[in-house]
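Colleague: Chain order of the listed sequences is L and G.
Quick note, the numbering used here runs 5 ahead of the 1-based positions in the first sequence.
Quick note, the numbering used here runs 59 ahead of the 1-based positions in the second sequence.
Don't take each hint at face value.
As the list claims (entries may be wrong) - With a straight-line Cα cutoff of 25 Å, these simulated PhoX-like cross-link-like pairs (lysine-lysine) come out:
hint	chain 1	residue 1	chain 2	residue 2
1	G	K152	L	K26
2	L	K104	L	K120
3	L	K71	L	K131
4	G	K75	L	K171
5	L	K249	G	K75
6	G	K345	G	K302
7	G	K152	L	K16
8	L	K71	L	K105
It is worth saying that the hints were derived from the structure and are not from the lab.
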Amino acid sequence: MNIKRFLAVVKARNIEFFRDKSSLGWSLIFPILLLVGMSFVFSGDGKAAYKVGVINLSEAESIFLKTKYIGFVDYRDVERAKIKLSQHNLDMLVDFSAKKYWINQNAPSGYLVEKIFLASHQNFEKLNTQGEEIRYVDWVLPGILGMNMMFSCLFGVGYVIVRYRKNAVLKRLKATPLTAFEFISAQMLSRAFIVMFTSCIVYIGCNFFFDFYMLGSYFDLFLVGLLGAFSLITLGLLVACRSKSEELIGGLLNLTSWPMMILSGVWFSLEGAPDSLKSVADFLPLTHLVAGARKVITEGATLSDISYHLVILSLMSIVFLSLGAYLFNWNTER
Amino acid sequence: MKQSVIDVIDLSKHYKNIIAVNNISFSIAKGHCFGLLGPNGAGKTTTIEMMEGIISPSSGKINYYGKQMSDDISQQIGIQFQHTALQDFLTVKETLNLFTSFYQQTIAHQELIELCDLSEFLDRDNRLLSGGQRQRLLLALALINDPDIIFLDEPTTGLDPQARRNFWQLIKNIKARDKTVILTTHYMDEAEQLCDEVIIMDQGRIIEQGTPHQLLDKHFKEVFIYLPLNQISSDIIEKYQWKVLGERVEITTQQVEQTLTLLMSENVSLDGLHVKSANLDDLFLKLTGHSLRE
Numbered sequence: 006m007n008i009k010r011f012l013a014v015v016k017a018r019n020i021e022f023f024r025d026k027s028s029l030g031w032s033l034i035f036p037i038l039l040l041v042g043m044s045f046v047f048s049g050d051g052k053a054a055y056k057v058g059v060i061n062l063s064e065a066e067s068i069f070l071k072t073k074y075i076g077f078v079d080y081r082d083v084e085r086a087k088i089k090l091s092q093h094n095l096d097m098l099v100d101f102s103a104k105k106y107w108i109n110q111n112a113p114s115g116y117l118v119e120k121i122f123l124a125s126h127q128n129f130e131k132l133n134t135q136g137e138e139i140r141y142v143d144w145v146l147p148g149i150l151g152m153n154m155m156f157s158c159l160f161g162v163g164y165v166i167v168r169y170r171k172n173a174v175l176k177r178l179k180a181t182p183l184t185a186f187e188f189i190s191a192q193m194l195s196r197a198f199i200v201m202f203t204s205c206i207v208y209i210g211c212n213f214f215f216d217f218y219m220l221g222s223y224f225d226l227f228l229v230g231l232l233g234a235f236s237l238i239t240l241g242l243l244v245a246c247r248s249k250s251e252e253l254i255g256g257l258l259n260l261t262s263w264p265m266m267i268l269s270g271v272w273f274s275l276e277g278a279p280d281s282l283k284s285v286a287d288f289l290p291l292t293h294l295v296a297g298a299r300k301v302i303t304e305g306a307t308l309s310d311i312s313y314h315l316v317i318l319s320l321m322s323i324v325f326l327s328l329g330a331y332l333f334n335w336n337t338e339r
Numbered sequence: 060m061k062q063s064v065i066d067v068i069d070l071s072k073h074y075k076n077i078i079a080v081n082n083i084s085f086s087i088a089k090g091h092c093f094g095l096l097g098p099n100g101a102g103k104t105t106t107i108e109m110m111e112g113i114i115s116p117s118s119g120k121i122n123y124y125g126k127q128m129s130d131d132i133s134q135q136i137g138i139q140f141q142h143t144a145l146q147d148f149l150t151v152k153e154t155l156n157l158f159t160s161f162y163q164q165t166i167a168h169q170e171l172i173e174l175c176d177l178s179e180f181l182d183r184d185n186r187l188l189s190g191g192q193r194q195r196l197l198l199a200l201a202l203i204n205d206p207d208i209i210f211l212d213e214p215t216t217g218l219d220p221q222a223r224r225n226f227w228q229l230i231k232n233i234k235a236r237d238k239t240v241i242l243t244t245h246y247m248d249e250a251e252q253l254c255d256e257v258i259i260m261d262q263g264r265i266i267e268q269g270t271p272h273q274l275l276d277k278h279f280k281e282v283f284i285y286l287p288l289n290q291i292s293s294d295i296i297e298k299y300q301w302k303v304l305g306e307r308v309e310i311t312t313q314q315v316e317q318t319l320t321l322l323m324s325e326n327v328s329l330d331g332l333h334v335k336s337a338n339l340d341d342l343f344l345k346l347t348g349h350s351l352r353e
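Between the sequences and the hints, there should be enough to build the whole structure, so can you do that?
Modeller: Given below as C-alpha cells:
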C-alpha cells in the first residue's frame, strides 16, 4: 500500500463530497427533518396496547399471559428489564418464579395493567421503580442516525463507484499505478470520515434543541457508529463490485436498504417481534448498529455489554470487504 | 532504422463471437508518431488499450524495449483515453496534484502547465472546462509522469477546427522532445500532419502500413480536378467518361497540364476549378470501398 496515493484519493473524494452542496446539505438536513417530524408526531401518549416484561417467559405459566391486547416480552436479565420499565418502555415487569412484580411509580399506564394482573395473582410482592419516561425522539435517535448512515454509506460508495466505472473515471485511474486495494481503502476511509462527521454534526446540533437522553459513554457510541459505518460501507462496495449500470445499482441498493429500514429496529422495537423476523434482522448490519447505539444511549451499556453487536459488525465488515475486494472489477473491458 | 520501442506480435482480441482485433503485428520506432487509422469499430481503440495494459489480449504478445509488457508499465507510459470523465468538483490544479501523487517520477507542474497551455484555467472546476481545455488537461495528465511513450486515443474528436490545430501544435511540441506518440484518429488531415508512420485498420485487420507519403505514392499516381457541372456539357462528360458527383464533375488524371489544355480546347470555362491530390481518406475508400468516417 502506497500511503501517498491512498491519502491523495481520500482527499480528492472528500473535496468532491464537501463541494457538492446539495449532497452535503441533504445528508445533514434529512435526519434533522426526520427527528423534528418524529418528535411532533409522537409527542403524545398514543399507545393502544400494554407491554409487560416477563422474566423467563418461556418457563412461565399463568392465565395472565393469555390476556388479549397485552404484549409480553421475554427478559433474562432482571436489571435490564427494570431499566426498560423505568424508561416507560414497559408498563409492568413480572417474575413468576420469584413471585414479584414491578411497577413504575411515575407511569400511569402501569396502573391498569396492575389491576388486570392482580385479578389472577394476589400473592405477588409489589416492587416499585422510578424514572422519567424516555421520549420517542430519544429512542428513535440512533435509528434515524443509523438509517442516514446506511443511505450515505450504501449510495455514497456503491452508486459513486458505479458512476466512476460507467464514465471511465475508474478506467483512467487503472491506467495509473494506483492499485484496486488503495482505491477501495481510500473510498472506505473517505466515506467513514464523511459519515461520522455529518452524524456528529447532526447529533451535536440537534442536542441543543432536544437535550437527548444519554446514559452511556460518547466514546462507546462513536465506536459502535464507526464499526457500523464500516460494515455498511463494505456492504456498499460488495454490491457495487462489478456493475456498470446505474439503473441496476439503484435497484440493488434499494433492495439492500429497504429490508434494513423496516427490520432493523429503526422505527419500532423488535422486542415483541416473532423469532423468525428477529433471525432475519440479525443478518442485517443496521440492526446491530442501531441496537448497539440504542443500548449505549438508553441503557448505559458498556462496550462489553454490546460486544455481541460489535463482534457481528466486525465480522460482517471482514466478510463484505473480502468478498468485495475479491470480486472487484475496474471493468474496463468494453 | 531507429530502435523499436514497442513490438506487437500476432495480437488478437475476441469478444464472444466478435473478433475486434485479428492477428495483427507491427513495430513502433523510438521518437516516431505512429498512427492507427480506421473507421469507428475498426479495432484501433481495442489495439491501443491492449498495448496500454487496460484490457488483456486473447492471444499474441506486446513487447516494450524487447521485453514482454509487465504490470509496472503504467509508470512508464502516458495515456489519454477517448472517453473519460474527470472527478467532479476538483479544479484543474487539484486534478494535477492528485495524478502527480500516483507516480514516482513526475514532470514539474510549471513545465506541464506551459507545455499544455493550462495557465488560464488552473483554478477552474473540471466540470466547467470547454472541450479544448478538457483535452489539454487530459493530455497534461498523460504527460504527468514524463513518459517516453504517450498514447492518444482520438484526442481531437469533437473539437472545433481552431482547437484541433492548437492541439496538433501541442503534439508536435511533445514529439520534439523525442517522445514516442501512438495516436488513433479518423481524421486524415490529422494523421498527415502528425504521423511519421501509419497503419490502416478495418474490421480488426491491418490493411495497409507505411508512411503517409509512401502509401499515397504507392496507390495514387493521379490527382483529382473538379469543375462545376453546369460548365460542362453532357456530351463532353460522356465523351471522356468523367464522373459526376452531385453538382460537380470529377476528372481523374496523371497529367494536370494536358487535362487543362484539353478543357480549354473544348471551350470549358475554368471558373470554380479545384485541384486536389489524393489523401488517406481516398486511399481508404480505394482499399475498402467505404469512407473512413463511416
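Colleague: Has the given pair, L/K71 with L/K131, been kept, meaning a C-alpha gap of at most 25 Å?
Modeller: This hinted pair holds, its Cα atoms lying about 21 Å apart.
Colleague: Holds or violated: L/K104 and L/K120, Cα atoms, limit 25 Å.
Modeller: Holds, at roughly 16 Å.
Colleague: Is the straight-line distance between the alpha-carbon of L/K249 and that of G/K75 25 Å or less?
Modeller: Roughly 19 Å between the alpha carbons, so the hint for L/K249 and G/K75 holds.
Colleague: Can you confirm whether the C-alpha distance between G/K152 and L/K26 stays at or below 25 Å?
Modeller: holds, 21 Å
Colleague: Between the alpha carbons of G/K75 and L/K171, is the straight-line distance 25 Å or under?
Modeller: holds, 21 Å
Colleague: Please work out if G/K152 and L/K16 have their alpha carbons no farther apart than 25 Å.
Modeller: OK: G/K152 and L/K16 at ~14 Å, within 25 Å.
Colleague: Taking only the CA atoms, is the gap from L/K71 to L/K105 under or equal to 25 Å?
Modeller: holds, 19 Å
Colleague: Does the structure keep G/K345 and G/K302 at a Cα separation of 25 Å or less?
Modeller: holds, 16 Å
Checked against the numbered hints given earlier, the structure satisfies every one of them.
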